[in-house]
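Asks: Okay, so the sequence shown: first residue is 1 according to UniProt numbering, each after it adds one.
Source of the hints: derived by calculation from the structure; they are not laboratory data.
Just so you know, these numbers come straight off a predicted model, no measurement behind them.
It is possible that some hints are incorrect.
[As the list claims (entries may be wrong)] BS3-like mimics (lysine-lysine), calculated; alpha carbons at most 27 Å apart, straight line: (1) Lys88 with Lys75; (2) Lys190 with Lys250; (3) Lys136 with Lys121; (4) Lys188 with Lys251; (5) Lys75 with Lys251; (6) Lys206 with Lys241; (7) Lys74 with Lys51.
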Amino acid sequence: MSNSEIFWNASLEEMKLGYTEDQNKFICLLCGEEIHKGVIYPHENVLYEAKRFIRLHIEQMHGSVFDYLLGLDKKLTGLTEHQTALLKNFYAGKTDKEVQEEMGIGSSSTIRHHRFVLKEKERQAKTLLAIMELLKGKDQYALAFVAPHKHATMVDDRYDITTDEQKKVLDKYFLEGLTGPLNKFPPKEKQRLIVLRAIADRLDPKVIYTEQELNHILSSIYDDYVLIRRYLIEYALIDRKADGSAYWVKK
């Protein structure tokens, strides 16, 4: 299961914590880091058991689950840029007057109205969540959709992908299986997205690659590795330094 699938399959409580767990390990929802149960982890001359260490990892590597979630694309959070800025100020513990002065908008009563609107969104989200949970047991014709990756931008009908569609596309373009080469680059955007995700899954999320290292991996998948690299960046599946000296999987 990909890190995005683990993230979207997590419960609300797990999302708030920033990690999920199974019988053997804790998994960071923000980057996929695995912390194994029964192992003692050292950090700055202190020893930590696994559950405490996953929390330390999130604090050290990601700072705040709140900030991470708020930083996701607005298509995934459902928030406008204005609402995102308001929430950052609220989370910082600022008063309505301080928020108003910080953002230079309206008055304190304007900020109170924005708080009300956000509470309305919260109630709507809870209601929809309950409705969808109840629907799961009744909708026998529901399709299994592939969740968008966490840093997806411009989420539109390209991301309307079922698991059956995904399998058909991957079988068509990776004739030797997912560890083999790409026989050609798809002409349609939805097919390209499916193929590019599969290619990104072949990269190690813990490794920072030089351009030469990344090119070597991509060229073993498809001759026009520059095209693949460009699309991986365009779809926010990988990121890079401005000078192109380092590339990594977006977590």
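Asks: Decide, hint by hint, whether the structure agrees.
Replies: Structure-based check of all given hints:
1. Restraint check: the Cα-Cα separation between Lys88 and Lys75 comes to about 18 Å, which is no more than 27 Å; the hinted pair holds.
2. Using a Cα cut-off of 27 Å, the hinted pair Lys190 and Lys250 holds, with the two alpha carbons roughly 20 Å apart.
3. Note on Lys136 and Lys121: the hinted pairing holds, with a Cα-Cα distance of about 23 Å set against a maximum of 27 Å.
4. Our distance criterion of 27 Å between C-alpha atoms is met by Lys188 and Lys251, whose separation comes to about 26 Å.
5. For the hint linking Lys75 to Lys251, the alpha-carbon distance of about 17 Å falls within 27 Å, and the restraint holds.
6. In summary, the hint linking Lys206 to Lys241 is supported, as the alpha carbons are separated by about 16 Å, within the 27 Å threshold.
7. Of the supplied pair hints, the one linking Lys74 and Lys51 is violated, its CA atoms being roughly 31 Å apart against a limit of 27 Å.
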